[in-house]
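Q: Residue numbers (numbering that gives the first Met the number 0), protein chains in the order written: chain Z, 0 to 439; chain D, 0 to 175; chain E, 0 to 171; chain C, 0 to 986.
Just so you know, these hints were derived from the structure itself, not from any lab.
Hints are supplied without guarantee of correctness; some may be wrong.
As the list claims (entries may be wrong) - Subject to a maximum C-alpha distance of 27 Å in a straight line, what follows is the list of computed DSS-like cross-link-like pairs (lysine-lysine):
hint : chain 1 : residue 1 : chain 2 : residue 2
1    : C       : Lys873    : Z       : Lys390
2    : Z       : Lys390    : C       : Lys915
3    : C       : Lys779    : Z       : Lys390
4    : C       : Lys664    : C       : Lys779
5    : C       : Lys262    : C       : Lys295
6    : C       : Lys363    : C       : Lys138
7    : C       : Lys393    : C       : Lys420
8    : Z       : Lys90     : Z       : Lys284
9    : C       : Lys491    : C       : Lys140
10   : D       : Lys25     : Z       : Lys434
11   : Z       : Lys390    : Z       : Lys90
12   : C       : Lys262    : C       : Lys736
13   : C       : Lys420    : C       : Lys204
14   : C       : Lys363    : C       : Lys295
15   : D       : Lys92     : C       : Lys980
16   : D       : Lys92     : C       : Lys736
17   : C       : Lys911    : E       : Lys125
18   : Z       : Lys434    : D       : Lys49
19   : C       : Lys915    : E       : Lys125
20   : C       : Lys363    : C       : Lys393
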Amino acid sequence: MVQLSYSQINRDLLKTMSPPGRVYYTILVLDLLVLAWGIFAWGYQIRTGMGVTGLNNPVGWGVYIATFVFWIGIAHSGTLISAILFLFRVKWRNAVYRTAEAMTVFALVVAGLFPLIHIGRAWLFYWLLPYPQRGYLWINFRSPLVWDVFAVGTYLIVSSTFFFTGLVPDLAVVRDQATGWRRRIYGFLAQGWMGTDHQWRHYSRAYLFLAALATPLVISVHSIVSWDFAVSIVPGWHSTLFAPYFVAGAIHSGLAMVLTMLIPLRRIFQLETYITRDHLESIAKLLILTTLIMVYSYLTEFFIAWYGGNRFEQATFLYRAVGDYALAFWFMLVFNAIVPLLFAVREIRRSIFSLFTISILINIGMWCERFVIIVASLAHDYVPFAWRTYKPSWIEVSILAGDAALFFLMFLVFAKLLPVVSIVEVKELVPPPVKEEALQ
Amino acid sequence: MKERTVRVVGIFIYFDAFLEAIRRLKDLGYRDLTAFSPVPHHEIEEVLEKPQSPVRYFTLGGGFLGAVTGFGLATLTSLNYPIIAGGIMTGGKPIVSIPPFLIMAFELAILFGSLSTILGMLLNIRLPRPRVQPGYDPRFSVDRFGLWVRCPADRSGAVEEVLQACGAEEIRRDEI
Amino acid sequence: MKGVRIVVIVVLLVAAGVGVIFLTASGRGNAVEQPIAFSHKIHAGQNQIPCLYCHANARRSAVAGIPSVQRCMSCHRSLTADKDKADKPGIEKLKEYWEKEEPIPWVRVYDQPDFVRFSHKRHVLKEIACEACHGPVETMDQIEAVVVVNMDRCVSCHMERRASIDCWTCHK
Amino acid sequence: MGIDRRAFLKVIGVGGATTALVGCGAEPPEKLIPYLIPPEELIPGMASWYATVCRECPAGCGMLVKTLEGRAIKGEGNLAHPVNQGRLCARGQASLQGLYNPDRIREPLSRDQNGHLHSISWDEAEGRVASRLADLRRKGKADRVAFLTPLLSGGLDRLIDTWLSALGSRRRLRYEPFAYEPLRTANRITFGRDAIPAYDLEGAKFLLSFGADFLETWISPVAYARGFAAMRAYQDGRIGTFFYVGPRLSLTAANADRWIPIKPGTEGFLALGMIHVILGEGLEVPLPQEERERLKSLVKPYPPERVAIRTELPEGTIFRLARAFAREKPSLALGGGVAMTGSNATSTCVAINLLNYVVGNVGKTVRFGPNVTLANLATYRDMLSLIDAMNGDKVEVLLLYSTNPLFTLPQAAGFREALRKVPLVVSFSSFLDETTAEAHLILPDHTFLESWGDYSPREGIYGLMQPVMRPLFQTKAVGDTLLSLARQSDPKIAQRFPWPSFYEYLLEQWKELQKRLEPGTPFDTFWEQALQQGGVWKEVRAEPVRLSPQVFELALKEAAFEAKAEQALYLHCYPSLIHFDGRMANRPWLQELPDPMTQIVWDNWVEIHPEAAGRLGIVEGDVVTVASPYGEVELPAHLSGGVRPDVVAIPVGQGHTAFGRYAEKRGANPMALLPSKPEPLAGSVMVLSIKVTLTRTGKRHQLVSPAGSDRQQGREIAQAMPLSQLGEHTEEDHAPKQIYPPHDHPEHRWGMAIDLNACIGCEACIVACYAENNVPVVGKERVQEGRWMAWIRIERYVEGELERPETRFLPMLCQHCDHAPCEPVCPVYATYHTPEGLNAQVYNRCVGVRYCSNNCPYKVRRFNWFEYSDPKSKQYAFPEPLNWQLNPDVTVRGKGVMEKCTFCVQRIQAAKDRGKDEGRPVRDGEIIPACAQTCPTQAIVFGDLKDPNSRVSKLARDPRRYRVLEHLNTQPAITYLKKIKQDTEQV
């Protein structure tokens, strides 16, 4: 990184928060329109019943749950970068972690909506929460869905807290540069942060512990999400491999999503000096690792299906490969396990274009993976008489689009209201100005 | 009535000068020093010789409480509606099913641990508060290092001298 | 401090929400205008007519039943007292219905949702007092659901009396 | 005009119709309407049962109808009735949807000049008929009144005859589309009896059906199904053998050990060839010498080798069949089904009669005496002469009662044109069917459930019908209408009909019956008994019969087939199990019932062999034009190995152009293809006598079925075992090691045993379940989407190659697993395990995450994808008055809620309630779920598995026991008993 001064960093990074232009507002309005359409579609679904989706009797879960798992997966890389790499003191994380962490929180919010969207009686969602209900009833803690409520809920709370905690010193920076009502708002948000030694001391400790807590949390969350499937008896779901496989997949897709978000972001905000090609390359290198884990997981899955000799398992995997959802299956295999291996070539992992393209392909592939696991397994399970295929309806597509629009809306707002790159942490990378040097 | 105290504020551009100032003031016996910096620096902590943050105990306590709460909640509520075997039978599994309840324990341990960590931090640094303390300089969050020295009014001149000697960019004296 | 205040407000809001959920749909007291101002106070209170005299099916059937107009008339036809007093519009109305050969459209006060299976017979035969669920009917001029008969009440009583609390005992 | 709800409420008193609300919500205050004067013995909330007779087909099964607060809510077979002995078929179960059909005619209608129907008063309607009749009598044209009824017997039958002859006409026809004319004629020719005898399937050891679909529609399917199951039951190391000879794999054929797809129209040759072998090898019973010789010379032209060529069967098959048929005594050959209605139908039936005769079955398994009432039916030829008379202006008034000839007659017969010539057509029908839609006046009758009457399906059985509820609409019993018309006629006639109502008339008829049957019993006792048990029955002894000399004149000719082109395929139109002749196509339950063989719902199709389809370039769902010399229809093609490659099959009963919202516009009516010419000897419709050409139209039509795959892909869901393995050794159950300790069931553990050897796949259980449990009908599109709601289904699987398919049927319903995978995944305990071993689903607790359904390996859970229970919803499944049938003991589930089989927990509760009242435990067999109750073959047994002596416990230890997907350790409460495979190679 070019040696920058503190004030330079301050200026550059605060610039991202300058008043947006027409393009921004156009995108914002379009985004809001899609969101509104999605909300309408959801309203229609609640009013008419889940029948407006393409779901049916064997296939009780479809793109809603697939996308739920997908977003949860996306969320994971944020925590990976902000917490796990923090614990490992990886330097390149400082510039990108804010975006990744924001992505975690936003992805969790949009993911958390799906369980609500997909339940048949959405207006009774609060029955899933742990509180003493009418007639001495509580929730069933043996149900993986309750584990989900706890895991995703905890994850959302902890990562929001973590996100906000990390933001506080930056908010103070913004506060100190702002005027008028903005100053008051940021001042309120910064909660009187002054950067005293006392504050920094406790803050660093707390931040470290949060990171330490978030690390097992992130692993547990996707493990629990995978147990939604693994503890069932559906062929293709019932597998002990699922927890590590899902966690790896989550990080895989999450890293890809970080790339997908960062590449346009650094371009738009002219942050190339802060988020450099080296940063992107580091992510690509991590992706090689996760890709190898994916390859291993896939191979193990296929091998066990074949070698296990369970006819139902075998039939399920055969059906995935050649059945109604074969296209999604091959997308999954090629985009997740083969294409990213191209990053082994230095030129490819340093080319912004190929980074961006491959990251999108991985996103598609990972979504397909969740779709294949959920839909193809349910469509053809034990009893052949009950087999039936599923095709998402326009309502489902609308709600997915609305949900994605919500994600981008939050991101758009975030990009303009908060520093997308951590000012403090970037400054940390720069050695403090020293008198001797100045004298030289 | 106690002796009147004042606060001497020194603002520094250079970190080494700033550290030097702290070191010297400490040597001179000034205890009530507050250092401001835009980024956390271990050197400041080292120089100030502050004890280790007690936030860790909050984390531990919260985590423990969470684990107990998670397991207890799952167990007690499962036993709350005794139809068969003391609860509601599902799938032939025991009413108190240890493995899933451990998941509850784990998740709540993390949740409570995190929240109490934050709580511990807030309590320790006496945040949140609505606004910064008077005398805080907005430059502290940009690129300047600041030092507050609380001292009896009559000693302020000596402090200012030290600051001056260490190359403070600006020196101010606030009445408090 | 502001932050604390906000936390408090949020907590209060959540508590209020939960409270609303608890308190609504409890089927609380709904005294309504009946087609005839029938007084349980006079019949069950002053005249000490047993509940099962009029609601005779309560011991035979799941449904307690509303007495037929014929049953009302069987007393009121023979009661000479009715003839003397002119200020009994209720009885006049009853006779009107009887003469028009029309049933009386009473308004239901105690009701259970469609998914509840409740048998008066089983409870009456176990000698559960009618008042346990219907309140002190004999003191009411106009009937009103003073007892909240919801799942909390059913289950707590079933637990106390060691009756079945299996869901399918009461839900269908 | 709507239903008079107020008047209805007067009757039903407290309780009210079931509202449909799940969840807690504010409801508007409900009204409590007390009785004005309480009916005796009627306690609100307590069900009453009334015995009557099912009149949905000529079989005349006894029926008990459950009523609650004056509403009929469930029909069940009458245990005391000798025909069905407590069982009902799918159609019988659906009779309630006739009563509550939203398309019922609700008051008298009259047609104006423009052809529009509008309502008139009963007085006016009757007045118009009366004045026309009086007019005709004045003009001396009283014989120009014709009366067309379905098969009736007893009081109403006699009243109609008396009434008509009092008017001065004899044109009375009892018309049924399937009138078994060839069978009756053949019996006359063979034995001198114009009758259909009683067939004893139970007593037969070897059953050979020549196209008689006795498990579906043939004569008395429920009774035969029972007999068949008894014959097939494992006993003393053997089960009865059943071979089916016919062009199509019907449900009956699918239940055979072997389906022999014979060339259409050659069944008679096979029978004669078999006789040839039997007589040639001396396998026959002792016959008079002369008779034997004459028979020998009769069959001489039919040696097996020649028969083999004609029938396209291997010669060896003929020998083997003949020998087995003669050896396994008593055997039974059945014929006269719709598969045998070609130009030589009568001769074929004669040949089958002779086959029964030579091995001595007549008098044993074929018994004349307790004859079936069907012999009173008009023949198709009689119908043709009626059409002639109508065309010749010799019919001035045509009275139609519950019959739809416009739909059921071959269209080439010209009934439509003839009908237009009749100046006054009066229909007494309850529905606006095709014929009624052409009537000038409609005087709607009650449905049979609202009527007094009697029906005698065969000699010695006098079923009594009583109204099970008050008439729903402004309808009038046809008997009452006739009496009223008589009263309005001139006094001479009026005094011959002194009865104030048909009920009085019926009483008088039954007084005579009582004098005849039980002269010692006072009439009141006799009547009350008859009402209670649903009729009276007397043993009728079999009468010996002898061969009639006429039989030796038999000359079996090759069946003639008319065709437009050389390459044409045989057309086989058949009445289906579900729709019979189409008279019940307006019942949503039946429309949504999958065809037992093709599994298709809500539709009509032409079934074609894949080989033929390949030749013609037809694929599944192609709309094809089926053209015969008499007409053409467009139907979607369904490819199946269930027909011969040279045969196409079309089920009868769909393709209505009128008949209400559920029946209309579903496929086409194949009657358009049939010839008008009757069979020469019997005068029947020649159904299987033409060949058709199929051409693609280029259109496509989605045929919908709930079945995902008809092959079980080696998954051993529906299992079978060869007879030879049975009894060899019984495997001990190895209880698998469990992670968790077993839990206790303190009092009961309800369980079920389903005998796949007894299940014939008739699907009566499905309709019974719909009726009992308020299961919504969702419509064709929904079924296509995979939103079929049936709680119990019959999984039909095909094993083996296309040429020799083995069909297996498996009733699949919630298995009430001890380790139910659905339970622990529910986040809110909406599904859990009850102390009595039931897998409970609490609807009002369900939030609809659908995880339970995903995790159910049997896929028996059903989700409410739409709001089927709210009248305001577009998808409301119970449009008034169908909702009156709803069982108040079962919640009507709202949208977003999972539901499934409950083992009819409301019946368990009711039985326990009874037990408590009587201070005793529940008895074994006291609780019968709706599916088990109606099962014609009693394949389903329910009971307490904790009681080692209960029937279900014993069956659960049967050597044939297995559990579906046992390896998953779900520990289902349902034990299946494997189907037994007869070793057909030995035959």
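Q: Now tell me, hint by hint, if it's right for this structure.
A: Against the structure, the hints:
1. C:Lys873 / Z:Lys390: holds, 23 Å
2. Z:Lys390 / C:Lys915: violated, 52 Å
3. C:Lys779 / Z:Lys390: holds, 18 Å
4. C:Lys664 / C:Lys779: holds, 13 Å
5. C:Lys262 / C:Lys295: holds, 25 Å
6. C:Lys363 / C:Lys138: The given pair, whose Cα atoms are some 55 Å apart, is violated under the 27 Å limit.
7. C:Lys393 / C:Lys420: With a Cα-Cα distance of about 10 Å, the restraint between C:Lys393 and C:Lys420 holds, given a limit of 27 Å.
8. Z:Lys90 / Z:Lys284: holds, 15 Å
9. C:Lys491 / C:Lys140: holds, 17 Å
10. D:Lys25 / Z:Lys434: holds, 21 Å
11. Z:Lys390 / Z:Lys90: violated, 45 Å
12. C:Lys262 / C:Lys736: Given that 27 Å is the threshold and the Cα spacing comes to 56 Å, the pair is violated.
13. C:Lys420 / C:Lys204: violated, 54 Å
14. C:Lys363 / C:Lys295: holds, 23 Å
15. D:Lys92 / C:Lys980: violated, 39 Å
16. D:Lys92 / C:Lys736: This hinted pair holds, its Cα atoms lying about 14 Å apart.
17. C:Lys911 / E:Lys125: Between C:Lys911 and E:Lys125 the Cα gap is close to 15 Å, so the pair holds against 27 Å.
18. Z:Lys434 / D:Lys49: Within the cut-off at roughly 26 Å; holds.
19. C:Lys915 / E:Lys125: Holds: C:Lys915 and E:Lys125 sit about 11 Å apart, inside 27 Å.
20. C:Lys363 / C:Lys393: Measuring from Cα to Cα gives roughly 47 Å; hence the hint is violated.
The structure is inconsistent with the numbered hints 2, 6, 11, 12, 13, 15 and 20, although it conforms to all the rest.
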